[in-house]
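The chain contents come next:
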Amino acid sequence: MRDSPLAIEAQGLVKSFGDVRAVDGVDLAVAGGSVYGVLGPNGAGKTTTIRMLATLIRPDSGSARVLGHDVVEEADAVRRLVSLTGQLASVDEDLTGRENLVLLGRLLGYSRAQAKARAGDLLEAFGLADAAGRLVKTYSGGMRRRLDIAASIVVTPELMFLDEPTTGLDPRSRNQVWRIIRALVAQGTTVLLTTQYLDEADQLADRIAVIDHGQVIAEGTSAQLKASVGSAALHVRLHDPARRGEAEGLLAQALNAPVYPDSDPATICVRTSDTGRAVGAFAELSRAGIEVADFSLGQPSLDEVFLALTGRTAEERAEEEGEEVAA
Amino acid sequence: MSAEPLGSALAAGERPAPPSALSATLAFAWRGMLKIKHVPEQLLDVTITPVLFVLMFTYMFGGAIAGSTREYLQFLLPGILVMSVLFTTVYSGVSLNTDVTKGVVDRFRSLPIARPAPLVGAVLGDSVRYLVGATVILVLGVAMGYRPEAGAPGVVAAVALVLVFAFGLSWLFTTLGMLLRSPNAVMNAGFMSIFPLTFLSNVFVRPETLPGWLEAFVGVNPISHLVTAVRGLMGGTPDAGEIGIVLAAAAGLAAVFAPLTTWLYRRKT
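Top line first, the protein sequences correspond to chains A and B.
Here this note's numbering is used: the first residue of the first sequence is -19, the next is one more, and so on.
Here this note's numbering is used: the first residue of the second sequence is 34, the next is one more, and so on.
The set of hints was computed from the structure by calculation and includes no laboratory data.
Check each hint, because a few of them may be wrong.
Distance ranges between label pairs, derived from CB positions [said to hold, decoys possible]: (1) B:L55 with A:A109: 28 to 38 Å; (2) B:R300 with A:D50: 12 to 22 Å; (3) A:R38 with B:A284: 30 to 40 Å.
Chain A residues, not near chain B, derived (Cβ > 12 Å throughout) [stated by the list, open to error]: (4) D7; (5) S208; (6) H219; (7) T255.
Note that this is a predicted model, so its numbers are computed, not measured.
Where a beta carbon is used, it is the ideal one built from N, C-alpha and C, also for glycine.
Assemble the whole structure, with the sequences as input and the hints as a guide.
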């Protein structure tokens, strides 16, 4: 059915709106059956990219094939195989949850009876059975998002686009959405999701493209991206900040690694991934009577990756965008 | 939300063949009707003005214009019927714009369905709205003493003609709905155009009483032709020429603005 093992292949995608080059030469290669994360701050060009791939807008230049079909020349073939959950909830607020799903079932080609049965199954599976008869405008953000995803899988798509699926959700709803995405992937669906949450890309995505100002600035697995920033780090927070100097000396000696001060005056950061030595170092601290309030050993966070790649944290970048918009 | 039904719901079923253009269109018409059921207050907005006009014009100006309120109502009601339905057509544009601004259109556009289906279906669903608008005015008119000389068959024919014209005209407002930024802007622009057009017609007065230049405008206004045709049908003196002009105008509006709306809908970014 496909002549390419790649679910998505995009080369040099460009899209401008007026003077703004929202997407400025994006290349993507997404393997079938995987979760691919497109990570970037607000205004980086994530949504525009996903809308081009989902055939909703035409690229100004460049080309993309989705499941082997060209997104411009064979848009209908692409539409038959993919589904999109947009950033704005793409469900009808003036209809009930059940009516939304029945409508989509009908539009996908089910008979009335089949569409009703399918809607019932999905409402049950997504924990919306009790709210099925209520108008969607009365739903919470999490319920709306679940209905939105349910609407996207009335017919299980081969490829699913999720544009910021958890933006604005509380942690519990976010976990529910994550579970749904994992279940989808377990069924063999390829997922392309955009997110501005580094944590989310880290949790879900097999590979990640970091995008900024309409360009891919880094690509790889989460581990590769982190490795590009440097080695792992041990963070130790002390009960008594006054003893930091003493603790720094002990840790540097015990771990034989450079020690960096953190912005938090009670925290010490050591570049190491040696767990064995770390245990010994804690023994040293305890012998010296220095109490540890908290510690963590791990890869640098994607936040640090973003900072290293762009010179700014994601939040700063978002604020900058906000000012541009305001100005 | 347990794992068990989630897994089976995801695994379910074969991909059905995409629906025919007709069944996709009917599904969208069904959606339009559900909205009327769930948001009936929209209907109220557009029917209340014509209802007020019937009452005000009949009882305040009826005597002065036509000698008696009863006689003026006989003249006025077919015109108000037209007005009531045409006001409602603005809503086709407003609801399309609401869809576009809310994001649900993204979902429809990413479905493998006939391109004009969402639009044709929505306008078809709106016909129910038009029918309700027409019924309200007819019931009110009959209660106030209006009697159609042609009886029920004439009324049915007249309403059918108004619906056909409304179907054509609604494409003008769906085009506006695609071009303007917010549902409110569509509402304002829609009424700014439909209000004077309905007034500068023969709905309220006989054109012979108007200054020459205005009479000339009223003469070419398609709404005047629609009102004349409806008066003929309800009054038992159907005028094939006027009906022909109305049908041609409806077809012309649809021929220009339906493809334009569809094109804008597909190009929307």
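Status of the hints after comparison with the structure:
1. B:L55 with A:A109: 28 to 38 Å: Since L55 (chain B) and A109 (chain A) have Cβ atoms about 32 Å apart, the given range 28 to 38 Å holds.
2. B:R300 with A:D50: 12 to 22 Å: Taking Cβ atoms as reference, R300 (chain B) and D50 (chain A) lie about 18 Å apart, which means the hint holds.
3. A:R38 with B:A284: 30 to 40 Å: holds (32 Å)
4. D7: At roughly 22 Å from the nearest Cβ of chain B, D7 (chain A) sits farther out than 12 Å, so the non-interface label holds.
5. S208: holds (34 Å)
6. H219: For H219 (chain A), whose nearest Cβ neighbour in chain B is about 41 Å away, the distance exceeds 12 Å, so it holds.
7. T255: The claim stands: T255 (chain A) keeps its Cβ more than 12 Å from every Cβ of chain B (closest is about 33 Å).
Of the numbered hints listed earlier, not one is contradicted by the structure.
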